[in-house]
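**Q** Given the structure of chain R, go ahead and fit chains B, Z and C onto it with the hints provided.
Residue numbers (the working numbering), protein chains in the order written: chain R, 12 to 423; chain B, 12 to 423; chain Z, 12 to 423; chain C, 12 to 423.
Watch out, some of these pointers could steer you wrong.
The list treats identical chains as interchangeable, and a pair is accepted whether it falls inside one copy or across any two copies.
No farther apart than 25 Å at their CA atoms in a straight line, the calculated lysine-lysine pairs in the DSS-like style are these [unchecked claim]: (1) Lys25 to Lys412; (2) Lys270 to Lys25; (3) Lys412 to Lys67; (4) Lys270 to Lys412; (5) Lys267 to Lys25; (6) Lys67 to Lys25; (7) Lys267 to Lys412.
Rather than coming from a laboratory, the hints here were simulated on the basis of the structure.
Number of protein chains: 4
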Amino acid sequence: MEDLLRRLISGEIKLRNLDSELGDSNAAADVRLAFLERLTGVDLEPLRRVRLDFNKLVGWNIENPVGEVSVPVGVVGPLRVEGDYARGTFYPLLATTEGALVASVNRGATTITMAGGAKAKVLRDGMARAPAFVAPNAARAAELAEWAVQNTDQLAEWVREVTRHGRLKRVQPLQAGRTVFLRLVFETGDAMGMNMVTLSADRIVRGIAELFPDVDPVALSGNVCSDKKAAAVNWITGRGKTVVAEAFIPGGLVRKRLKTTPERLVEVSWRKNQLGSSVAGTLGGFNANVANVVAAMFIAYGQDPAQVVESSTGITTVERWEDGVYVSLTLPSLEVGTVGGGTRLPYARAALEALGCAGGGDPPGSNARKFAEIVAATALAGELSLLASLAEGSLARSHAKLGRGGAPRGGR
Amino acid sequence: MEDLLRRLISGEIKLRNLDSELGDSNAAADVRLAFLERLTGVDLEPLRRVRLDFNKLVGWNIENPVGEVSVPVGVVGPLRVEGDYARGTFYPLLATTEGALVASVNRGATTITMAGGAKAKVLRDGMARAPAFVAPNAARAAELAEWAVQNTDQLAEWVREVTRHGRLKRVQPLQAGRTVFLRLVFETGDAMGMNMVTLSADRIVRGIAELFPDVDPVALSGNVCSDKKAAAVNWITGRGKTVVAEAFIPGGLVRKRLKTTPERLVEVSWRKNQLGSSVAGTLGGFNANVANVVAAMFIAYGQDPAQVVESSTGITTVERWEDGVYVSLTLPSLEVGTVGGGTRLPYARAALEALGCAGGGDPPGSNARKFAEIVAATALAGELSLLASLAEGSLARSHAKLGRGGAPRGGR
Amino acid sequence: MEDLLRRLISGEIKLRNLDSELGDSNAAADVRLAFLERLTGVDLEPLRRVRLDFNKLVGWNIENPVGEVSVPVGVVGPLRVEGDYARGTFYPLLATTEGALVASVNRGATTITMAGGAKAKVLRDGMARAPAFVAPNAARAAELAEWAVQNTDQLAEWVREVTRHGRLKRVQPLQAGRTVFLRLVFETGDAMGMNMVTLSADRIVRGIAELFPDVDPVALSGNVCSDKKAAAVNWITGRGKTVVAEAFIPGGLVRKRLKTTPERLVEVSWRKNQLGSSVAGTLGGFNANVANVVAAMFIAYGQDPAQVVESSTGITTVERWEDGVYVSLTLPSLEVGTVGGGTRLPYARAALEALGCAGGGDPPGSNARKFAEIVAATALAGELSLLASLAEGSLARSHAKLGRGGAPRGGR
Amino acid sequence: MEDLLRRLISGEIKLRNLDSELGDSNAAADVRLAFLERLTGVDLEPLRRVRLDFNKLVGWNIENPVGEVSVPVGVVGPLRVEGDYARGTFYPLLATTEGALVASVNRGATTITMAGGAKAKVLRDGMARAPAFVAPNAARAAELAEWAVQNTDQLAEWVREVTRHGRLKRVQPLQAGRTVFLRLVFETGDAMGMNMVTLSADRIVRGIAELFPDVDPVALSGNVCSDKKAAAVNWITGRGKTVVAEAFIPGGLVRKRLKTTPERLVEVSWRKNQLGSSVAGTLGGFNANVANVVAAMFIAYGQDPAQVVESSTGITTVERWEDGVYVSLTLPSLEVGTVGGGTRLPYARAALEALGCAGGGDPPGSNARKFAEIVAATALAGELSLLASLAEGSLARSHAKLGRGGAPRGGR
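For reference, chain R alone in the conformation it holds in the complex:
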């Protein structure tokens, strides 16, 4: 160890070469941690690997590993969901360090369950990647776009060369001057699919480069995809799953469980989620706190937390209905998967199994859609409860109690 540390400090070996140097990524992680401790004089024990096996992760999920962080996980439920794929009662897990979040979502979930459950439905499904091409002029760019749309079958055949799981569904060209972006939309089965669509897009780019030698394939991703950005193209045409969840909450439950009235819930939601968000100039943020739930579930279930950006865009509505409220949440671009990426991690796989949607589904895509429906229903529960907290004026009280031994918001 000392020798290694000395060589690291002197620059004789690089941090990134330790895996091959030692032939063991777990040992390499320990050395890196020791190196950082030596350099900074800080005890990094809380980051030390205790559970992960980096030999199974390096090259798949991480490089230069030093250790792991242990994010707390809370459970909410029972949450009854009646979806096309998710049918039954679930106990979703949230990995978070934000006090009161789990308690609040839990209140929403149990209230929805008492009310008969949430309905959920996947409206659209498709992962996109949009390479950019520069043609000599706009007409030539338009020609390429037209060709790609007309020859989607040819493009799809290329895709089949590089993946068994992805399938090209359609080509959506968007042009600015002589630059044209081919937004390629794929079915990706149960995978979130970014890796798959990147490889597929690369194959298509190479195919096009051969046929259109005068066109410069300037970037495999031209930001019209749009990955990990709030973008109108996702908001309008979807990316990943477009999911809607809804529930009817009778007035009695609103008063008893949510400590407010249907009228007030409607009022708060419309002033905040519609009027406030419009005033703020949001792109897709017409909701109360979807990002909290999406982020917490993404971490717990091995999804990509950077995709919280577009996965949390959505519209929450609360409408007066008979003696209660109709609440809905629509998420146009929820990007989730149950195979590949972070779902390979043992905790994520176990968590997905507990929801009954780990791994590849039968038919393909059904597990990912089931998971999407559950996420949407859980986020709906979060919306309902937070809006109620605002309506009853208890939000600040729950904040005030945080860390002072009191029961947090919704934690009755």
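**A** Chains B, Z and C alone, transformed into the frame defined by chain R:
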């Protein structure tokens, strides 16, 4: 245990009452996990608590705990930063399951360091909360807005009653009809500050409610804040820290380390980050993959991952300069803190300490700003490397190698 | 007259009944003007009708006419255009009161012509109307959406009942909770088409209302159209014509005619049209002053000036190319027509005739597309010249000269 | 004439030189028209000058004049307005060729008047211009920004050198990398002010260029202004006047005059203006048809029609209140003036006089604000009536009647 499980299943006791029932949140977590295992028949061992002490976390950071997830952490660096607060060489940590991310950022970081380092600077600093008020008419709403701006001192005094750390900086009113949103902007020292500003806003709302009895304080948060949403109000006026990072990379380094040319880097960045993002209709997503770095650092350092949404908005520029490129990244609303929230977790505190910015800074706010500068510089490194991968056409190759034993992107 | 004025003032008759009362809309207009003069004591002679025949306009283009305004019209050109429809040299007319605008566009137009002309191309064509429907729940709303997409032929048949000129091209459903918007996209030949698509949408709404009696057709236009609003749905999927215009300007011309250098033009355009617009948080305003040209041509040619809002969204690019610059302008939603609406006015018809695109084209739609190409090329000329003024620092000088006898900007 | 035409066709003289050649801009206009007639073989009589005196307009409002277009003008009213500046009953004029528009707005106006009138209020006032500067690095750009904010007095003094009417109110810096945009906000009295602020900004740019010789003042307008573009910076911080108009319409009037119910009006407005606009991804288009009214009034009153783009952004709300509805319209960036620009035209001056707000007001700015309040109230009338048409299902009927002799929408 069996008895508890029976009572949980029968509904005799609730999951959320286990902490008080058992007087031990760690035991409660074990029972909840066993309950979920019983219900689902799934082995949830990978989620079991091994490190966290829930007795220190419940009521602060989590409720209904069941266990923990272990997210892999990789290191990048050395990254030389010359900021107003961050000065020196750092080894930032990224908690992620996205293969090739750490390797790619690492390539960018070391390249920047070879080039002399990145400069970084906090341009603005302030956390916002915007309660919504409904007045009898627009004139009255305007009166309230005017009063609040004129009497910011009075409001600031109210704030001092509830917090020692937060300080009201200004009131920014935004009105639609008879609804007015008072966007309250605070200095929050080294805390990210959401809790503090919520309590402060609540005090202000109560004060106003007394003085303006005809005005309905309809929601403590009216979405003009805007928290965890892509919103123009954050993009234009900032939220948290507005930070800029920049570096000059000589042409030689571009060619040798990034395997491309200055011209090509400029071309790719402009087609993708400017043209592509414009075509996609983004709000603030004029960059390549800032969200990846921000999300990975937010998880590693105990920040709020749901705030990746607005914290990852930003503009990347690559400009031709002499025989090299000038690269910059501007993040208008990077929301970070070094005290409170998730930074209480042992791993987060240790990680922050290794950067030299754990806990409260001297002067107050300096640690949070130092951390912000490091995040911006690391994200800049990520931009540089990913753009180079696109420019040299290696992005797909790195994807193809994932999990097949090959060195991932940038991992040379 | 006196008697009529007395009765108007007493409220005995209404302003809007004068046409039928007098049986002559021209006389009615004179009475209204006299009424306003009496009421206000202001001489309204400059507004008096001198040219229009209101008997031909009331019920088509105006109600309650009082007179007319005379907007000055200037000419620019020659402008050489090489489009799919517009081929040749044109002298576009601009109706404007903004000093220096015509001179500036003129400079751009003649420069482009000297450089060989602008190319132009219509990339997409279709006018949209989006009625809103409220279903009992989200699943039912999705059912309606699915049905509409599957039965586009049936919908198209309904459309044929009410119009010979419009043709339904496709149905694009967008849903939020239990509300679904069916964005109906039509071919409208040479008409801009709002009237036609509104009638067609109404027929479709009635047809759907019969088949889906549980669905409430809440609004014939649900703002997802989106008419006269800056909206992502137009930006991404187009409305009216998506047109691109481009030109190559040799360095010699840039220096001699535009008084600047290719390098400087590129620099100014990128800092302003890309960076500045991104910083400003624009939706589609990645250009210098397209709205000026579009508004001036819309008024001169009888288009709908309220549609300047979305018709002026667009991206201008200036790229270094050999010893010159490549400039392009892409307008995703340019809404124009050559029949119906304001093109019925004598001046508009004459102006369109002078461009060779008045009335219905052969084949249908060709005149409107020709006009769209000319508008785009003229707007490109405006971009080029204004950017040059900024680059050479003469913009303020031209402003300073306004009204002081000097030659305005570009007017050398 | 023949000789001139010959020389024009041969290119011996240029169209733009005719004014000086002939010493008479009216004669020059006639020659240009004849030239176009000769070239195209089209009779352009309907465009011939009959009213304007180009000798008074060239160099101020137009160049290369050929003639004029006669846009029909209709009147609506009485419209009772109770504003801070506009107090009384008005008859606004709309210049439009869109059938049914005047009738519809008229219905709204008279209904509002019967209900006691609309209240209106200017909430903010300031015209902006944002020059762009490129510094050697971000720190230097920040230095310039900081300096400009700290030395606003110095900047204001420079402004006083070039204008007596404009006054610099504040400097709002926005930065991206090493580019900084100084958004300069001015009081411009009764002028819309673009000319004034451009000259003032130029003076400031020159002043800064001297003090910061290492900074490149790359563009006098850097698009962060943002002029004639839908941009968040205008939406959030305002440009021109921020105005709100509101009215309460008793249920009886809703039923009798608007042929619908309060409930239905609320429902239609929320589904369309809030939900639909959110789904469409609008920036600021949370209204039904504000652009129609703004465009028609801008043309009638000599405003800049290209500024309809941002002047028509706004939020319409309809709220249930007692036995009626509260309606409001908030326009954050209504750009109007009563002196300069197009208000110099005889018709515009007369029209403004009839409203009692022609020329400079006392105190300065009061006339422009009065006009702004009237525009907002008129647009509110348009919103009310169009929403009612949608609610009662008559929109398509009114379209169907257009040009077929029937009374158009609202024309009862």
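**Q** Would you mind marking each hint as holding or not holding in the structure?
**A** Hint-by-hint comparison with the structure:
1. Lys25 to Lys412: between (48 Å within a copy, 21 Å between copies)
2. Lys270 to Lys25: Between. Shortest inter-copy distance 19 Å satisfies the 25 Å Cα cut-off; intra-copy 59 Å does not.
3. Lys412 to Lys67: Between copies only: 15 Å across chains, 42 Å inside a chain, cut-off 25 Å.
4. Lys270 to Lys412: The answer is within: 18 Å in one copy meets 25 Å, while 53 Å across copies does not.
5. Lys267 to Lys25: For lysine 267 and lysine 25, the Cα distance is within 25 Å only across copies (17 Å; inside one copy 62 Å).
6. Lys67 to Lys25: within (21 Å within a copy, 38 Å between copies)
7. Lys267 to Lys412: within (22 Å within a copy, 54 Å between copies)
The structure shown violates none of the earlier numbered hints.
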